[in-house]
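Whole structure, please, built from the sequences with the hints as guidance.
Residue numbers (this note's numbering), protein chains in the order written: chain V, 1 to 501; chain B, 1001 to 1326.
No wet-lab data here; the hints were simulated from the structure.
Just so it is clear, the structure is predicted and the values come from calculations on it, not from any experiment.
Note that the Cβ used here is the ideal one computed from N, Cα and C, for glycine as well.
Any given hint could turn out to be false.
Listed next, the stretches of chain B that the computed footprint assigns to chain V, with coverage defined by at least 3 CB atoms under 8 angstroms from CB atoms of chain V [stated by the list, open to error]: (1) 1104-1110; (2) 1198-1210.
Think about it this way: if two alpha-carbon atoms lie no more than 25 angstroms apart in a straight line, the pair counts; the simulated DMTMM-like pairs of lysine to aspartate or glutamate are [what the hints assert, rightly or not]: (3) V:Lys301 <-> B:Asp1216; (4) V:Lys272 <-> B:Asp1216; (5) V:Lys335 <-> V:Glu300; (6) V:Lys192 <-> V:Asp213; (7) V:Lys345 <-> B:Asp1316; (8) B:Lys1205 <-> V:Glu330; (9) V:Lys374 <-> B:Glu1186; (10) V:Lys345 <-> V:Glu322; (11) V:Lys52 <-> V:Asp213; (12) V:Lys345 <-> B:Asp1216; (13) B:Lys1205 <-> V:Asp365; (14) V:Lys52 <-> V:Asp220; (15) V:Lys25 <-> V:Glu295; (16) V:Lys335 <-> B:Glu1186; (17) B:Lys1205 <-> V:Glu300; (18) B:Lys1205 <-> V:Asp310.
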Amino acid sequence: MAASDSEILVLEAIAKSFGVVQALKGVSFPIRRGEIHAILGENGAGKSTLVKIIKGELRPDSGRLFFEGSEVRVFDPLHANSIGITMVHQELTIFEDLTVAENIYPNNVFRTRLGIIDKRLMLEKAKEQLALFNLTIDPAEKIANLPLADQRIVEILRATALERKLIILDEPTSGLSESDVRILIELIKRLKAKGITILYISHRIAEVLELSDRVSILKDGSYVKTVDTEEVNSAELIHLMVGREVDLLYSKKKTVDRRGEGAFLTVQGVGKSGFVQEVSFSLYRREILGIYGLEGSGVEKLSHVLFGLDQPDTGSVAVAGEELRHHSTERMIRKGVVYLSNNRKQAGLFFGMSAADNMACPVLDRLSRRGILKRQEIQRYTEGFVERFNIVIPDVRTRPRNLSGGNQQKLMFSICLGATPACVILNEPTRGIDVGAKAEIHKFVLGLPEEDTSVIVFSSEIPELMALCDRVIVMKNNRIVDELAGKEIEEEKIMALAAGD
Amino acid sequence: MADTSIRQRRRQGLRNVDFGQYSIYIVTAVAFVFLALTRGNFFRYSNIYSLVFGLSMEFFLIVGITLLLIMGEIDLSIGSVFAFAGIFTGFLMWELEFPIWLAIPACLVVAGGIGFVNGFLVVRFRANSLMITIGTMILFRGLADVLINALKGITYPSEYRAIANFRIGGVNFTIFLMLALLVILEYLLVNHASLRKLYYIGENKLSARLYGVRVDRVKLTIFILTSVAAAIAGIFGASRSGQTVWNTGQGLEFKMITAAVLGGASLFGGRGSIVKSLFGLFLLAIILNGLVMYSVNPVWTNVVVGIALVVAIVFDSRVNRGSDKL
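Written out as structure tokens, the structure reads:
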């Protein structure tokens, strides 16, 4: 397909899988030269995978990509850079100890005849760049002394100074104050006026509506559609992001109101500077409570703080009616709370030890007599869980590194439940596993209240929360914005709370 | 799905059986038989006995370092603590006229304090134990030198010298002590819930923490234990030599690490066995002994230990790093 001249980047049936997870299922759409093109989608919709392919970090499994009419065959960040594609990351990549000018020109392009860096010329050029955008930043200032917004602006200028044609901005306004967002938006508009194409990744719908010319929506790795921003409102965008056919696996749960049964865990005004502010809620006995928020909303940190993996700066946590003075993992465990890690590669399994050793870890005391481990009992115990959770494993001596992702996840789930917890905190209970394993895990979670276990589910998949939870708390900008119970739990409502104004 | 995992396991199994498990026994046996066949003086009771007696002194050092390596930690100060403890006990008896039954416990308490400092710094400040213990290594080497300087080359009191020479049925009791502890400790390491935690910590301390293992407390305990054990070895060592000696125990820490890694312990944590570490130590002792038997100048000792360490580390990195540890 020959791209017309007005289209700078054309995606054609781009697909990419990671193991069993299909991150992109054949995405096609063009990006026009000189437009601000936003990509919108939930966590896990495939935005970041797509961006990584465009900037050459990942190679698509199939599909083609055309930049300025010619097909891109080399997937390498340096190559993407050389043809004029660059990206400004959500995490800053600045050189803290260098000046603004040096950060704009990190490659020391200005040299005297002797090959020495011509600092005066560099400052001069940096000043020009800054003036171009009506910015009053001093180019000789050390960048570490600047506020976050200015640092991010300098990063964007680095991209423009190199005269890139396509700049990808990934959540450029995250962590910025309202006034700084204004400055940044002005800058982006000027970039557009200079003829630079902007690919704008964000889940802040208000910004997208204000800034972009067109919006493409991704959902579950598929391309939904591209719309002219002028012709849509935020409700319509939300509808496009989430509206999906309800299949059997994800049927909405018949919720139970447990608020009469007394609180098992009460969080009062918990804060962690920069991540979580003034969070208060209760988990009632035998309740399944969901907590939802988009990336950067503070949910991830909240899950750590809840289990004592991070210390809160303010507020208190009470478990089973007793306020914890020192909130720590050990205390939570002693109170009968267990935690399912959201990243089994990093924590939650012992990849080099047998499944039986893995299973025994939290219950060593129970499976030993006077400290001496009862091997046979450990084996029977493990086999019990293998059977109950239907884990496909040759025998209990097998190490988790030799299991499939779904079976690893089920093993991790078993390790947690083996401790017969009063409460489990599930962090992304079904991340990166296939549909079958997902359904099984959902079934187990739904059965937990019958064993008197209360559950908190952190999940980035709204349908999962709808399938599991009696109540859902939604976070945005580090705070709880609202809670939904029973019939109120609807996909669009949750997304509107998390992404809307 | 099951199919692939079985196949993978077989591959895994093969890789584990060939070297990881038995290599240290095989290599030690080969070296032993080689020397026994080629050098008449090697396989004599007196020679073997002195090798084993030497081992029984160093045994305490290898225990500590093995337990630490299992957790993925290290202690380079053990050689210095070895020297310091031997001299300090002598100092207490000679200068402060402590009776021996008081001097030794006092010294062990001080050693426990050293271990506490090592462990506390590592745990509290999440410091790298390699770097921290280089610090304490130099510190206590310095203090040992200060004490030697103060004592001016004395011969230790006779009751102190008698310890290492205490015999049961003509055999030094330290050998019996080593054998007994070896059996008990290895059994507990494999079967006891508390010691089992060391492997969990070494394998993935974050996972261990999630499942209620008190990682910091366990680490602190083992650091203390390691220092106390090094002090016991140091007391035996000083008792055996009978006098203050400059630079005793220098380089012992590296010898112990070499031995433990030869015995299958990994610098990446999660592996290690006291029996195998001791075989690693025995192998080193045989090699050094063999050098003497082949009339190689003793100045080559460090060259050999160095080569052994480099080879062991390279092997360890190849076998153990690629795994899914993050």
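Taking the hints in turn, this is what the structure says about them:
no. : hint                   : in the structure
1   : 1104-1110              : violated (count 0)
2   : 1198-1210              : holds (count 9)
3   : V:Lys301 <-> B:Asp1216 : holds (23 angstroms)
4   : V:Lys272 <-> B:Asp1216 : holds (24 angstroms)
5   : V:Lys335 <-> V:Glu300  : holds (22 angstroms)
6   : V:Lys192 <-> V:Asp213  : holds (10 angstroms)
7   : V:Lys345 <-> B:Asp1316 : holds (22 angstroms)
8   : B:Lys1205 <-> V:Glu330 : holds (14 angstroms)
9   : V:Lys374 <-> B:Glu1186 : holds (16 angstroms)
10  : V:Lys345 <-> V:Glu322  : violated (34 angstroms)
11  : V:Lys52 <-> V:Asp213   : holds (22 angstroms)
12  : V:Lys345 <-> B:Asp1216 : holds (22 angstroms)
13  : B:Lys1205 <-> V:Asp365 : holds (19 angstroms)
14  : V:Lys52 <-> V:Asp220   : holds (17 angstroms)
15  : V:Lys25 <-> V:Glu295   : holds (22 angstroms)
16  : V:Lys335 <-> B:Glu1186 : violated (34 angstroms)
17  : B:Lys1205 <-> V:Glu300 : holds (20 angstroms)
18  : B:Lys1205 <-> V:Asp310 : holds (16 angstroms)
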